[in-house]
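**Q** Assemble the whole structure, with the sequences as input and the hints as a guide.
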Amino acid sequence: MIALIRNEVMKMLWKKKMPLILGLLLIFVSLLSYGQNYAYERNIEQFEAESGTAAFNWEGLTTQRLSELEERSQNEFIPEEVRASIDREIEQLNYFIENDINPVTPTAAKFNVSFAEQGIILFIPLLIAILAADLVSNEFSRKTIKILLTRAVPRWKILLSKYIALLIMTTLLVFIIGLTTTLVSYLFFQEWGFSEPIVTGFTLFEGTLNSDSTILIPRYQYTLLIYSLVWFVSIIVASITLLISVIVDTSASAIGILMAALIGGQFLQFFLSDWELVKYFFVTNLDLTRYLTGSYQPVEGMSLNFSITILSVWAIGSIAISFIVFNRRDVLV
Amino acid sequence: MYKKIIWPLVIGSAFVLSLLFVSGFIVSIVISGNDDTAQTETEMDMEIPESEPAEDMPPDGASDILVLGDSIGFGVGDEENLGIGERYLNLLDDDSETGKTVTNISVPGFESSQLASLIESDEYSASISSAELIILSIGGNDLNNLNLEDTATLTLAFDETLNIYKENLTFILSEIRSINPDAQLAIIGLYNPYSDDAPQNAPFLLEWNHETRLIVNSDVGFAYIPTYELFDYHLDEYLSPDDFHPNGTGYQAIAEILFRILN
Amino acid sequence: MDTSVLKVSDLQKEIQKKLIIKGVSFDIRAGEIVGFLGPNGSGKTTTLRMLVGLSKPTAGNIEICGHSLKKEFVKAMANVGCIIEGPDLYDYMSGYRNLELLGSMSKGVTKKDIDEAVALVGMENRIHDKVAVYSMGMKQRIGLAQALIHKPKLLILDEPTNGLDPQGIHEFREIVKNLAREKNISVLVSSHLISEVQLMCDRVSIINDGRIIRSASIDDVLVTGEVVWILDDPKRAQSILRESFDLDPSIDGCHLRASVDSGMLSEINKTLIASGFDITYVENKKRTLEDLFLALTEKHTI
Ligand SMILES: Nc1ncnc2c1ncn2[C@@H]1O[C@H](COP(=O)(O)OP(=O)(O)OP(=O)(O)O)[C@@H](O)[C@H]1O
Ligand SMILES: [Mg+2]
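Protein chains in written order, with UniProt numbering: chain F, 1 to 333; chain G, 1 to 263; chain C, 1 to 302.
A portion of the hints provided could be inaccurate.
Derived lysine to aspartate or glutamate pairs resembling EDC-like cross-links, with alpha carbons at most 16 Å apart [to be verified]:
{"id": "1", "chain 1": "C", "residue 1": "Lys22", "chain 2": "C", "residue 2": "Asp10"}
{"id": "2", "chain 1": "G", "residue 1": "Lys3", "chain 2": "C", "residue 2": "Asp261"}
{"id": "3", "chain 1": "G", "residue 1": "Lys166", "chain 2": "G", "residue 2": "Glu211"}
{"id": "4", "chain 1": "F", "residue 1": "Lys143", "chain 2": "C", "residue 2": "Glu182"}
{"id": "5", "chain 1": "C", "residue 1": "Lys285", "chain 2": "C", "residue 2": "Asp261"}
{"id": "6", "chain 1": "F", "residue 1": "Lys17", "chain 2": "C", "residue 2": "Asp91"}
{"id": "7", "chain 1": "F", "residue 1": "Lys143", "chain 2": "C", "residue 2": "Glu85"}
{"id": "8", "chain 1": "C", "residue 1": "Lys70", "chain 2": "F", "residue 2": "Glu41"}
{"id": "9", "chain 1": "F", "residue 1": "Lys16", "chain 2": "C", "residue 2": "Asp91"}
{"id": "10", "chain 1": "C", "residue 1": "Lys235", "chain 2": "C", "residue 2": "Asp252"}
{"id": "11", "chain 1": "F", "residue 1": "Lys157", "chain 2": "C", "residue 2": "Glu63"}
{"id": "12", "chain 1": "C", "residue 1": "Lys17", "chain 2": "F", "residue 2": "Asp330"}
{"id": "13", "chain 1": "G", "residue 1": "Lys166", "chain 2": "F", "residue 2": "Glu70"}
{"id": "14", "chain 1": "C", "residue 1": "Lys56", "chain 2": "F", "residue 2": "Glu70"}
{"id": "15", "chain 1": "C", "residue 1": "Lys111", "chain 2": "C", "residue 2": "Glu100"}
{"id": "16", "chain 1": "C", "residue 1": "Lys153", "chain 2": "C", "residue 2": "Asp209"}
{"id": "17", "chain 1": "G", "residue 1": "Lys4", "chain 2": "C", "residue 2": "Asp261"}
{"id": "18", "chain 1": "C", "residue 1": "Lys75", "chain 2": "C", "residue 2": "Glu63"}
{"id": "19", "chain 1": "C", "residue 1": "Lys7", "chain 2": "C", "residue 2": "Glu72"}
{"id": "20", "chain 1": "C", "residue 1": "Lys130", "chain 2": "C", "residue 2": "Asp91"}
{"id": "21", "chain 1": "C", "residue 1": "Lys151", "chain 2": "C", "residue 2": "Glu182"}
{"id": "22", "chain 1": "F", "residue 1": "Lys15", "chain 2": "C", "residue 2": "Glu182"}
{"id": "23", "chain 1": "C", "residue 1": "Lys22", "chain 2": "C", "residue 2": "Asp209"}
Partial chain C-side listing against chain F, Cβ under 8 Å, derived [what the hints assert, rightly or not]:
{"id": "24", "residue": "Val52"}
{"id": "25", "residue": "Asp88"}
{"id": "26", "residue": "Leu89"}
{"id": "27", "residue": "Tyr90"}
{"id": "28", "residue": "Met93"}
{"id": "29", "residue": "Leu102"}
{"id": "30", "residue": "Ser104"}
{"id": "31", "residue": "Val131"}
These are computed hints drawn from the structure, not numbers from a lab.
Beta carbons: idealized from backbone N, C-alpha and C, even for Gly.
**A** Okay, structure coming up:
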């Protein structure tokens, strides 16, 4: 079995998919971080021009905010849990002041997280699809499936080895995405920002803040959390792509079908967010990071656990169907 | 080469990374597990205040309802020109025959600073002091005058505007309190008329509302009236043709939630 | 039967509601080379696909070295090497890597086995080039090597000489014959080239329209029993053969033809010589396989 997996990983590497994916990623990330840096500098200039002061004084603004918060924290009428959250914000701002960091400067740590947040519904699934789409379909279109299936190895083992190889490559790819975004954006921003504290674990929902659950963690931990979610989503997308790849004959149609599903799903969610069924579609549930950042629900009744359950069901279903189809399929190429 | 170097490297790093990701994933679930309870609590929070402020609501009294603030307070977009105040009163009348009247001194387009100076001018001190319920709608114009297009400046500008708004709101509330220590105050939260077009702005709005609520929470006689959720799922139904102000149905919905929270 | 390496009984296959293979049965013994002949679309490839587990028979049984292909796929396939419809390899890798990859899928294939197979098909010089730059014939050779690396007892080859030059075809034939002779490997080979089947195979099965219509040893299939003499007085010889041997010879110029049981031929010749004929030529005429093939599949239209 190990040999089979090793073979499949080798095929994926030799097919030169990784350079293609890496190229796409580099172009995209460079453009984005250049754009963000440019916009930031323009804004500072604009701000300075408008306010008339010599330099943009973030420290003043932050200190002002800090003293305000401290005042509020001392107000005895404030409920205990609100005070806790205020204290966390104070702690956070103190860090910025003590370390002389402008809280709004773009940093590599912020960039890689926002890249993951934005990319998790379309761009990252697309990269995974490039990796996974030809896993099986390519063997059919190139007819190499014949030499693969006439060995003394049962078919399910062959598919399983392909799936495990795919998981391995997906894991590496997620890591590479994180690494690339961090390194490239560092080139532009010249700031790592990984030790800055960030508040997470709350929902700002209709103004209510459950501060029992908010925690202050360094950014590198937060990045890890976000990328763990990206990893999970990637594995789900990879599993679904595997199914498509088993069913269709060419990798082009496999990528096409997956893209249609992703984009169509976004449309569905956009136009029919009242429709109960939409929330059981996998595309609607891909955006897991928003649960961590505490933003809104796209459709009522969705939560992280709900989305994870739905996605898992989709993935397990896809894998099961893949194995059944692959085992039964007549090879007539 | 492949067998000896690349393959062990690939499988080794994949293994380590998987462990890392799995643990990160579990931590995320744990953190957001609290998230879930937070959300259920938020859903419940509409009901919690229902009983609370009811005690503060003096059942007697013939004094008025005063509506203060901007175009939402004024009732722009309401086909029947009733506004929140009148509609709220109608709801009350359904229950009991009270001869209350509504005074509306809202000015469309008002920002928090303008309202602050209006109150400071003592021009309406009489109305404020005689009111039993003061409905306050402010802040929407502060936020709306921000240029929401540009993401990077936005954070800076937003923080500034929010700070100014908070100062003004604190000032307005304490001023009203000093003029009329007994009145029930209801502060209308902001909804997002653009949530369909620009969902990325939602966090700003939520933070805005959150800050408002923090200030409102500091006094038991203040009630915060959430509208964000209300509108988010019914934007088509509740917005007037200008796609910004509520229509009659929208105002009715706000009045109803106000009624539920106060009674 | 112990010696039966491949045993096929009543194999049927339906594709898209159409019965394409209509009950095929045959046996291959150890060390035997069997030719599989048939016109285009007769079902050769379809049959061979089922033999190597690429598609599942609608009915019928396949046993390889005593293992049912359906129930003991792995054990059965461990004895089979095959090329089905062309040598399709991973063309983004070198030939050698292809062999390594496929070899690692079977138990106990060593580097030595791979090198041996490469040497056998004469590809040592180009084995580390990418398959994408190979010529058709080179791919065929790697295709054969790929079928041999795990030392199978049965080779199933579908049109293996497509794209080989005459030299290549000759080498290929010698390789296959040697394998059968020295390593006792059985071979089932389908081919368009009748001459090739004639030169290579011990037995031939002719398939048409999903049915095997003739299955016999090459010699049996080809012997027609017709004998041709060239001698000085055909007329007199004709009457002698009529009277003494009860035959019905015909005369065609200086040729005398007759259908003769091969056991009687030497007796007849003795008599003719004793009668004073001057015999310059005697031939026990064989049909070409082509004649037979055309005769058997005459009414065929695709
Ligand atoms: N995938 C398929 N779908 C439908 N029919 C098929 C399929 N593959 C083969 N057939 C049919 O099966 C029959 C036999 O085809 P097969 O490929 O076995 O012929 P063959 O004997 O190998 O011919 P050739 O000498 O041309 O290679 C043909 O009539 C063909 O139309
Ligand atoms: Mg064929």
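**Q** A separate judgement is required for each hint: does it hold in the structure or not?
**A** Verification of the hints:
1. Lys22(C) - Asp10(C): Between lysine 22(C) and aspartate 10(C) the Cα gap is close to 8 Å, so the pair holds against 16 Å.
2. Lys3(G) - Asp261(C): Not OK: lysine 3(G) and aspartate 261(C) at ~66 Å, beyond 16 Å, violated.
3. Lys166(G) - Glu211(G): holds, 7 Å
4. Lys143(F) - Glu182(C): violated, 32 Å
5. Lys285(C) - Asp261(C): holds, 12 Å
6. Lys17(F) - Asp91(C): holds, 15 Å
7. Lys143(F) - Glu85(C): holds, 10 Å
8. Lys70(C) - Glu41(F): violated, 70 Å
9. Lys16(F) - Asp91(C): Within the cut-off at roughly 12 Å; holds.
10. Lys235(C) - Asp252(C): Status holds; Cα separation ~10 Å.
11. Lys157(F) - Glu63(C): Violated, at about 22 Å.
12. Lys17(C) - Asp330(F): holds, 14 Å
13. Lys166(G) - Glu70(F): Roughly 14 Å separates the two Cα atoms, so the pair holds.
14. Lys56(C) - Glu70(F): Measuring from Cα to Cα gives roughly 77 Å; hence the hint is violated.
15. Lys111(C) - Glu100(C): holds, 8 Å
16. Lys153(C) - Asp209(C): violated, 29 Å
17. Lys4(G) - Asp261(C): violated, 69 Å
18. Lys75(C) - Glu63(C): holds, 11 Å
19. Lys7(C) - Glu72(C): Given pair lysine 7(C), glutamate 72(C) holds - Cα atoms ~14 Å apart, limit 16 Å.
20. Lys130(C) - Asp91(C): holds, 6 Å
21. Lys151(C) - Glu182(C): holds, 13 Å
22. Lys15(F) - Glu182(C): Violated, at about 39 Å.
23. Lys22(C) - Asp209(C): Judged against 16 Å, a Cα distance of about 8 Å means the pair holds.
24. Val52: Holds, about 5 Å.
25. Asp88: holds, 4 Å
26. Leu89: With Cβ-Cβ at 7 Å, under 8 Å, it holds.
27. Tyr90: With Cβ-Cβ at 6 Å, under 8 Å, it holds.
28. Met93: With Cβ-Cβ at 5 Å, under 8 Å, it holds.
29. Leu102: holds, 6 Å
30. Ser104: holds, 4 Å
31. Val131: violated, 10 Å
Hint violations for this structure: numbers 2, 4, 8, 11, 14, 16, 17, 22, 31, all remaining hints satisfied.
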